[in-house]
Each structure stands twice: as structure tokens, then as C-alpha cells.
Amino acid sequence: MINSHDILETINMIDNENLDVRTITMGISLLDCIDDNIDKACQKLYDKICRYAGNLVKTGEDISKEIGIPIIHKRIAVTPIAMLAAACPTNNPVKFAKALDKAADTIGVNFVGGYSALVHKGFAPGDYALIDSIPEALASTEKVCSSVNIGSTKAGINMDAVEMMGKVIRRSAELTADKDCIGAAKLVVFCNAPEDNPFMAGAFHGAGEPDSVINVGVSGPGVVRAALAKAGDCNITEVADIVKKTAFKITRTGQLVAKEASRRLGVPFGIVDLSLAPTPAIGDSVAYILEEMGLEQCGAHGTTACLALLNDAVKKGGVMASSHVGGLSGAFIPVTEDAGMIEAARSKALTLTKLEAMTAVCSVGLDMIAIPGDTTAEIISGIIADEAAIGMVNSKTTAVRLIPAIGKSAGEELNFGGLLGNGPIMDVNRKSPARFISRGGRIPAPMQSLKN
Amino acid sequence: MNAVITVLGKDTVGILAKVSGECAEVGVNIIEVTQSVLQGMFAMIMFVDITGCTVPFSQLVDSLTETGEKMGVKIHVMHEDIFNAMHKI
Numbered sequence: 001m002i003n004s005h006d007i008l009e010t011i012n013m014i015d016n017e018n019l020d021v022r023t024i025t026m027g028i029s030l031l032d033c034i035d036d037n038i039d040k041a042c043q044k045l046y047d048k049i050c051r052y053a054g055n056l057v058k059t060g061e062d063i064s065k066e067i068g069i070p071i072i073h074k075r076i077a078v079t080p081i082a083m084l085a086a087a088c089p090t091n092n093p094v095k096f097a098k099a100l101d102k103a104a105d106t107i108g109v110n111f112v113g114g115y116s117a118l119v120h121k122g123f124a125p126g127d128y129a130l131i132d133s134i135p136e137a138l139a140s141t142e143k144v145c146s147s148v149n150i151g152s153t154k155a156g157i158n159m160d161a162v163e164m165m166g167k168v169i170r171r172s173a174e175l176t177a178d179k180d181c182i183g184a185a186k187l188v189v190f191c192n193a194p195e196d197n198p199f200m201a202g203a204f205h206g207a208g209e210p211d212s213v214i215n216v217g218v219s220g221p222g223v224v225r226a227a228l229a230k231a232g233d234c235n236i237t238e239v240a241d242i243v244k245k246t247a248f249k250i251t252r253t254g255q256l257v258a259k260e261a262s263r264r265l266g267v268p269f270g271i272v273d274l275s276l277a278p279t280p281a282i283g284d285s286v287a288y289i290l291e292e293m294g295l296e297q298c299g300a301h302g303t304t305a306c307l308a309l310l311n312d313a314v315k316k317g318g319v320m321a322s323s324h325v326g327g328l329s330g331a332f333i334p335v336t337e338d339a340g341m342i343e344a345a346r347s348k349a350l351t352l353t354k355l356e357a358m359t360a361v362c363s364v365g366l367d368m369i370a371i372p373g374d375t376t377a378e379i380i381s382g383i384i385a386d387e388a389a390i391g392m393v394n395s396k397t398t399a400v401r402l403i404p405a406i407g408k409s410a411g412e413e414l415n416f417g418g419l420l421g422n423g424p425i426m427d428v429n430r431k432s433p434a435r436f437i438s439r440g441g442r443i444p445a446p447m448q449s450l451k452n
Numbered sequence: 001m002n003a004v005i006t007v008l009g010k011d012t013v014g015i016l017a018k019v020s021g022e023c024a025e026v027g028v029n030i031i032e033v034t035q036s037v038l039q040g041m042f043a044m045i046m047f048v049d050i051t052g053c054t055v056p057f058s059q060l061v062d063s064l065t066e067t068g069e070k071m072g073v074k075i076h077v078m079h080e081d082i083f084n085a086m087h088k089i
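Listed in order, the protein sequences are those of chains X and S. Following the working numbering, the numbering of the first sequence begins with 1 at its first residue and continues without gaps. Following the working numbering, the numbering of the second sequence begins with 1 at its first residue and continues without gaps.
Please keep in mind that the hints were generated in silico from the structure rather than gathered at the bench. None of these values were measured; they are calculated from a predicted model. Please note: incorrect hints may appear among the correct ones.
Distance ranges between label pairs, derived from CB positions [claimed, not checked]:
1. S/Lys88 with X/Glu412: 45 to 53 Å
2. X/Glu142 with S/Gln35: 43 to 51 Å
3. S/Ala24 with X/Asp39: 55 to 63 Å
4. S/Val13 with X/Glu413: 23 to 31 Å
From the derived model, a few chain X residues whose C-beta atoms are all more than 10 Å from chain S [unchecked claim]:
5. Gly68
6. Lys95
7. Ile242
Just so it is clear, CB atoms sit at the ideal spot from N, CA and C, and this is done for glycine as well.
Construct all of the structure, not just a fragment, from the sequences and the given hints.
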């Protein structure tokens, strides 16, 4: 029999500490929708998504009600659209984005990811056209998310793609300047992109994945913070143990939801992504966990060490709780989506340079950071190159999701609303990397031995 | 198949009767009840067998949640799987 203490603990986590399952993401392969007639391809894509994911939202809601845990998002990730665009080179790929948006509307999901290209070693047919079309695609759709993988530990960094993405990010912001530049918030530039990540904006369904798959992303920073608060002044070994135990419990709920969704939808279970994903809600912040560990404010010296401990303990606790783990798995640090990060950025305790250091030990990278509207494309490319280098050398995923706040400068704020949150515009280093960026070519893949 | 019904809130007359009455109406069998009142706060945990439930489980969740709201207490109805998943290896 389950004991009363355990029952009340679970209910308290859900009611008071924002425990939820962040997303059930169905990955769908669109390889069988490829057609040299773009209209036919779009129709096939729309039909397949509606056929496979028609019950996704309702199934998610039913599971949520029955086991009593909120499941916030139901989403779709598809094969990188550049692979479909390759077959119809004379057409504008934006048509695919519109078809994805329409499918998302029909089945009721709030985001569909996969308007993507993988160009870490070079450009294949379809890649140039797709990357060029990203700003227009993001401006003319609501629910489509885009990502581009520009580097990997095995391939190095494609600097031509880095240069392009600086311009694409700027243009995405410019085309949506009247909506707080939200286009750029739906675009991620990756190094070592995982093929099974359920989280947006970077989700896509990799070429090595099955026809369809259910991936689940957990959450729960509020639960971890509360557990640490209850423990008081214990030593750091005990802190790590508490994080592990809590991550285990959080992940078990994700595993349960994933298994159940997979069974009801008749779609294989892929992975659980063990991520602490914050929201702007008070008490649902990764920064507050770091502060609970003993920092006056997130961004203080010691932040990188605390985050490294957190990120590692989350994985250790979560790995045993799930039969398959994947995706990004770790602690997210999206600035505008985390109440504690927003406060720290406003008070200037947290700067872009500190964030860059933190990304060496967190699960993703420079995420949801508003930068001044007059930041040049070359500087954005420089930031992407730095971040990709951290990912490439450390064999980890890093990502850049920057939002140039067109017409605004450092200290002002952007407000996206909802889970994307709001936050201050953070200043960047104005020295120009233009000559470095314009060289093009590829940074060679790093040594995997002689590690120092 | 079992579920756990918890009632948390201010102690009022007839909470147990009301919840168990609703369970009986839809064929939900009560296996065990524990309850305590601490400083006027009422906490009841009820294990129920929902195998013979005559309505869909989600409807039972909705109707008991609504009952709770009317009585000014918080009622959760959750499948036992979540507690087993979280607290048992």
C-alpha cells in the first residue's frame, strides 16, 4: 500500500511546487512525403501529421486528468524540412511552413518543430533555400519552429553557415519587429543537435528515428528548489543527493506519461528528456535553485560550479528512472523564461559573458536572450561561433537563441507573453569579429584525445 | 485497478459522507480510508477500487473535483500509478 506521506508529497509537488510534465512531443517522419511537386508534398505532409497525431492532444489531456499531473504541451517534431525542399528546388520552401502551421492548427498542438536544416559539414540540396526562407517562414506562421545545426564534434563548425545564421537571426527579428521580434524566439542554431529532443524551438525528427515516436520532456525546477530549501544548511554532497532523488521522482512521472501515451496512441516510446525546464512563473526557476544552493543571486561567482553540480545530479537521478533517456537532458537556462534569470539580468548580476561560461556545463546554451536591436549580423555570428566551439570541444549540445530587439537598446525590455516570458535586453561586446566571420570555411573537428 | 482520492481543506460536516456517497453511486468501492484533523485542517486519503466504476474515470475526476469546490475543500482523484511510479522502485 502506498503511504500517506508519499501521497501528500506528490500532491504538494503538483499544487505548490509547479511539478508538471512539460511536453509530449510526437516525432513524425516525413520522408515518405517527399515529392517534386511541392503542393503534393505539402498535402501529403498535412495528411500524415493529421493522421498520426489527430488524437495526440486529447490523449495528453486524458492522461493528465487520470494520473493528476498537468501536461503542459502537446507538440509535433518532423523530419528536417530541408530534406523535403531538396526535391523541389525551384519552389519557395515557405509553403512547407504554412502546411505545417495548418496541420498544427487542425490537431490543436501549440508548436511544430522541424523547419530545419543540418549543415554541420556542408550544404546539401534544399539547405540554402530553406535557411534563406526561415525569416519569412517564421513571420508568416504562428506555430512553426526552426532550427539549424551548424557544427558537431565529429564534423567541426561550418563557418559559412555561421555567417548565414547571423543574418537569418537578424532578419527573423526584423520581419517580426511589430510582435516583439518573436520570429527570432522560434529559431535555434545548434552545435551537436540531438535528433530526439522534445523541447521547442529546437525539436526535429532525425533521419535515424523510426516512422513515429513519442518523446516526453519533464520539468520541475520548483520541486528541486523546495527540496533543497527543506534540507537547510547541509553540505554540498547532500545537496547533490537531494537533487538526484528529486530528479528521480520527477523523471518517473515522465516515464509513466510516456509509456501511457505510447500505449494509447500505438506509437513507440522514444525517450524521456530529463530536463529542468523553467517557466516565468514564480517558483519555477532554475536560477532560484542555484540561489538556494547559496548564491546571493544567479550570476555571482560560483554560479558555474552550482550549475555543473545541478546539471550532473539531474542526469544521475533521472537516468535510473527511465528506460530510455535522450534529448537535451540537463538544466535549461533560458533567460526570459526564468523568473530568477530575469531578475538577475535586470540587476546586471547576470551578464552575457557569465551566461556563456554557464553554457559549458548546462544542457543547452545561450537561450532566449534579448540583445540590442543594432547588434550587427557579424556579432551575432561571432556569438554563434563561440557557443558552437564550446559544444564542439566538450562533445555536448550547445545552442543559440538570441532575439535582436529591433529599435530597442540595452536596458529596455521585450515581452513575448506566455511561456516565452519577458526580459531585459542584455548588452553585447561591440568589437567587430567581421573579418573572422567573413573568412568562411570550416573549423576542423577537434582532437578527441590528449584532453586538457 | 485502484485510485487515490484525497480531500484537503477546512473541516466541515459531512465531507466523508458526501465523497463516499458519490463513489457508491458510480460503483467505486472504498478499500481503505485514513483521515486526520490537524488544527482544523482536514486531510483524508481514500483508496478506492475503480474496476467496477460505471462512468469513465475522467468523469469521476471532474465530478469529485467539482464537489470539492462546492464544499470549499480541495479534492484530488488520481490513479495509483503515479504514486507507485514516483515512490516505488
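Comparing the hints with the structure gives:
1. S/Lys88 with X/Glu412: 45 to 53 Å: 51 Å, holds
2. X/Glu142 with S/Gln35: 43 to 51 Å: Taking Cβ atoms as reference, X/Glu142 and S/Gln35 lie about 49 Å apart, which means the hint holds.
3. S/Ala24 with X/Asp39: 55 to 63 Å: 59 Å, holds
4. S/Val13 with X/Glu413: 23 to 31 Å: At roughly 52 Å between Cβ atoms, X/Glu413 and S/Val13 fall outside 23 to 31 Å, so the hint is violated.
5. Gly68: 3 Å, violated
6. Lys95: X/Lys95 is indeed farther than 10 Å from all Cβ atoms of chain S, at 39 Å.
7. Ile242: Correct as stated: the minimum Cβ-Cβ distance to chain S is 16 Å, above 10 Å.
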